[in-house]
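Each protein sequence line maps, in turn, to chains A and B.
Residues are numbered in the numbering used here as their position in the first sequence, beginning at 1, plus a constant of 25.
Residues are numbered in the numbering used here as their position in the second sequence, beginning at 1, plus a constant of 25.
Bear in mind the hints are in silico, worked out from the structure with no lab data behind them.
Nothing false has been slipped in among the hints.
When chains are identical, the list treats them as one kind, so a pair holds in a single copy or across two.
Under the rule of at most 27 angstroms between Cα atoms (straight-line distance), these lysine-lysine pairs were calculated in the DSS-like manner:
1) K384 to K295
2) K288 to K334
3) K295 to K415
4) K384 to K296
5) K63 to K384
6) K415 to K335
7) K334 to K384
8) K335 to K410
9) K288 to K335
10) K295 to K334
11) K295 to K335
There are 2 protein chains.
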Amino acid sequence: MKSLNPVFLLSFIFLSGSLFSQVPEGVTHSGQNTGQKKFPLGSYIELDNPTSTPLQEWKKNNKTIVGWGDTNKRYKKEEPVSKNTLSKKIELQAWRGEKVSAQWVVSAGKKDLNLSVELSDLQHKSTKSRISKDNMESAFVRYVLTDELNKDRKGACGHRNPANFDSTLVADVIDHINPNLEVEKNTSRPGWLSIKVPENVSPGLYSGTIKIRSASKTIQKLPISINVSERVLPKPKDWNFHLDLWQNPYAVARYYQTNLWSKAHFDALKKEMTPYANAGGKSITASIIDRPWDGQTHDPFNSMVRWTKKLNGEWEFNFDVFDKWVEFMMNLGVTKQINAYTMIPWKLTFAYFDEASNKTQYLETQPGEELYEEVWVAMLSSFSKHLKQKGWFEKTYIAMDERPMETMQETIKVIHKADKNFKISFAGAKHPELYPYVDDYCLSMESSFAPEVLKQRKESGKISTFYTSCSHTSPNSFTFSGPAETEWYAWYASASNLDGFLRWAYNSWVLEPLLDSRFTTWAAGDTYFIYPEGRSSLRFEKLLAGIQSFEKLQILRDEFKQNNNTAALKKLEEIESQFTLQHLETASASEIIKQARKKLNSL
Amino acid sequence: MKSLNPVFLLSFIFLSGSLFSQVPEGVTHSGQNTGQKKFPLGSYIELDNPTSTPLQEWKKNNKTIVGWGDTNKRYKKEEPVSKNTLSKKIELQAWRGEKVSAQWVVSAGKKDLNLSVELSDLQHKSTKSRISKDNMESAFVRYVLTDELNKDRKGACGHRNPANFDSTLVADVIDHINPNLEVEKNTSRPGWLSIKVPENVSPGLYSGTIKIRSASKTIQKLPISINVSERVLPKPKDWNFHLDLWQNPYAVARYYQTNLWSKAHFDALKKEMTPYANAGGKSITASIIDRPWDGQTHDPFNSMVRWTKKLNGEWEFNFDVFDKWVEFMMNLGVTKQINAYTMIPWKLTFAYFDEASNKTQYLETQPGEELYEEVWVAMLSSFSKHLKQKGWFEKTYIAMDERPMETMQETIKVIHKADKNFKISFAGAKHPELYPYVDDYCLSMESSFAPEVLKQRKESGKISTFYTSCSHTSPNSFTFSGPAETEWYAWYASASNLDGFLRWAYNSWVLEPLLDSRFTTWAAGDTYFIYPEGRSSLRFEKLLAGIQSFEKLQILRDEFKQNNNTAALKKLEEIESQFTLQHLETASASEIIKQARKKLNSL
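Construct the entire structure; sequences and hints are all you get.
Written out as structure tokens, the structure reads:
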């Protein structure tokens, strides 16, 4: 492995989003020029593999190998897959309504291939019932550049000079856009098959075959069966798991090069936000000030609320953009909650348009100051009124993250001065003093609420979740993390009586997210789960798998309680008892989950 | 003479206006710290004199010397004034309605003085008629730091490093604000007396005395007479001379530290703009885009028109600030013309507020491009409609300066596309091709319109004027220029059949205009005529004197023509024949004017 040339990178670090028209076509964060257009849509070319190809191994595997692999594995591009780790056929387990996945792998040890996949319906073993291939999606797993944890292996935070980190290609992108793909001799290429089991099919075993083709020739038929349970998983919007992944519409406008909030922008947003809605995303991320997190993402958040100081000195707040965004997300199915960030930005300046000077001006003020109270009471009063008109007041949370307790307390006073019924969201350190005031409290993974606190919060309708960040080595959702690590989250939430999971970045893309997942800060992949054109990732599909398990656990527990099935309840307890951070230190997430799934399927 | 330390200066050059809160209190452009508040109002302390005091000369002049001096002279602070160049009494000539000036000088060769001036009414020699002291204004002439022409003496343009220029104190500020002033031993101090002769007093000789006092003691009585002609000079607003000095309201807000367009700002503007109105200022300078001249002034011009790209993609133009400014200036008496700058800024970017991104964005486009036409036709159509509603359309000129002919031609097409009746103003090079399209054409001083062109233009109501710039060594209005040089302008205009004079900077103040008139570009004083709190300057008073002469010449010519007084008309011709640039190379402006005045008074 070698480190990529950091020269180009350094010249990009200080460029703001708006300047990216200066980036030469096809040059990525890493400085590598693939010769393709910047921000590719449709087909695209992966970056060169910085890892050299072990030609001796390929000589020993000089055939075209095809078979079913393991969805928990990231197959290396430069290595032949060992034939005896693959299966000729596969059998999946699913509830009706569930989405399940399988991964196949091809190693092109003989010649170049031009891969495509032919799907066919799955046939019930005893009735005429079918799962149509329309419910199946075939995709190639694509390779993206990643890096690694900090050298001390104690996390992945801080600024990064790529020269200091090993760079490798990693299988993460699930590319459903392209129907075929060139696979060079002496490389491996996985593929991803998803099946969304219809809610209304008959239970039982369904079987079929997918054909792996090269050009016009079928190189392998891969039988697949799916054992469909009688049980039905509700639709994502009815799931209980509180999934809160922060959406960044500004990154989408930049990547697609559309005007903000234009039809083209919303068309693009629909592609990117649909996977979130389909995973049961609950919270709409809204920015009510400019740069709520300063410039920490490649594409900073603007304010969706227009702050204006009128010529007569009065404040005016316009919510047109906020409304468009919220209505769009609600139409996609994300209807539960709006999190409005933030009253305590990283940098305590608040931008507004000043009619007198005809310019954007900046208020420098902080919680506890008179000016802060004056301007925020004006803003929140206007916001509250507007939200009530829209019927959204009950769904909207004034949201803050990772700020000190005293600052939070001062801020809460101001919120309540504007409207004592405003809901409040906070993701950050554990401050029991804040519990009564925070309606949506998210703790860092290593912290926990006391059981009686969780009980009280649940009873009073308050949400309690956890989050991961760059400080967690594992489980985490870096592009090099084990895929099962994101699946573990929801099992852990269920085991811990938590309502869900929050992560700060659903799609805060880096410069060329399809090619190079590394960023100027934090380990690669920290800033996004999904890729352009709604491409999913191993990490995101596994997160979804976990959430489905969470829903199953809830449904089963309710059922067993109703039936007084104490034996089954005890088994659920046993399953969940495996999901602790302590246990994860001794066993892999994939092994823990494998066993838990097996037990769950037997219930 | 020595050059001042440029170290501080260099660190200021790149600071924009809004950052000046970072400048330490009392530190000027030169880096000198006077220990006083920044942007002083009321009394203030002059900078240290970089020129050393010739103590031997003071030993020879170890008395307190007081007498009438010459308004064309800048008396040096460090030198004793020679007693025999001063007069004990003075006799002025004036028309009724005219403002006339005299300068007295004190040399404090004996001891420190605390100067003040006691005025008294002037008494008609034979009737009971008086000119009340209420029509008189006493002021101290104050010293401000200046520099010099470029070393090649061929002009004063270009960026300046103060280390490369000699710096001296020069008598220029006419400070009517402070009733008394400390005068140190071994320094000289001039004073300025203005008399505005009421229109309704009887003609004849008026006499009186002003008392020069130190503390409670009169140190000198200075007799003064004024010979008032029967003729009446009209009020400034009725003068014909087309005076166009570009006003910068943004400099005023910065100096007074007021919010733009607040009551406090307009109170301050009233002080600063009244001298312009009283000099018969004809044109209101309005900025219709942000930074019409980029950042060439210490305080750049914002746009008085708010350009907004609405969320729906439509353009919107708001004229509230424009209206406030224009109405304010009209109320002061500047009612003839509004010059709206500019469609061709130095840097071809046009700032607008973009509702979608909630940010100021910049259009980069230029005359001849489709985008340019699209946005400017939208703007000018809206502007035309608004101006017609206000009744200002006939007064308003779309104004450009110093741009190439082809660019002007492309721009004129766009203007006429929006409204074929829009008037156009241009200050720049001589392009006869543009004459028919430009209603207000201003040529650089060394250029001239052909006589038949001037005649045609006058007949069709078109304005033709001239301007001076940093490229003119003399006559000019630098703080070190001979005061008579600005008086020469209007005589020259009259002699050349021009309608008036334009200068790009009435009050584009430098950082500390009262203390240090030097700037980062051009010779000192280039950027302003008047000082904070409506303080005039030798340059501005002389400019006014010239304009009054222009009006007299017009009135007399009309009278003589009506009376068929060919002898007198010939004398007028003789007088005006002296006002050529060629003649100015062999004689001083003050001598030429002195003789011209004498002849004029005899008519």
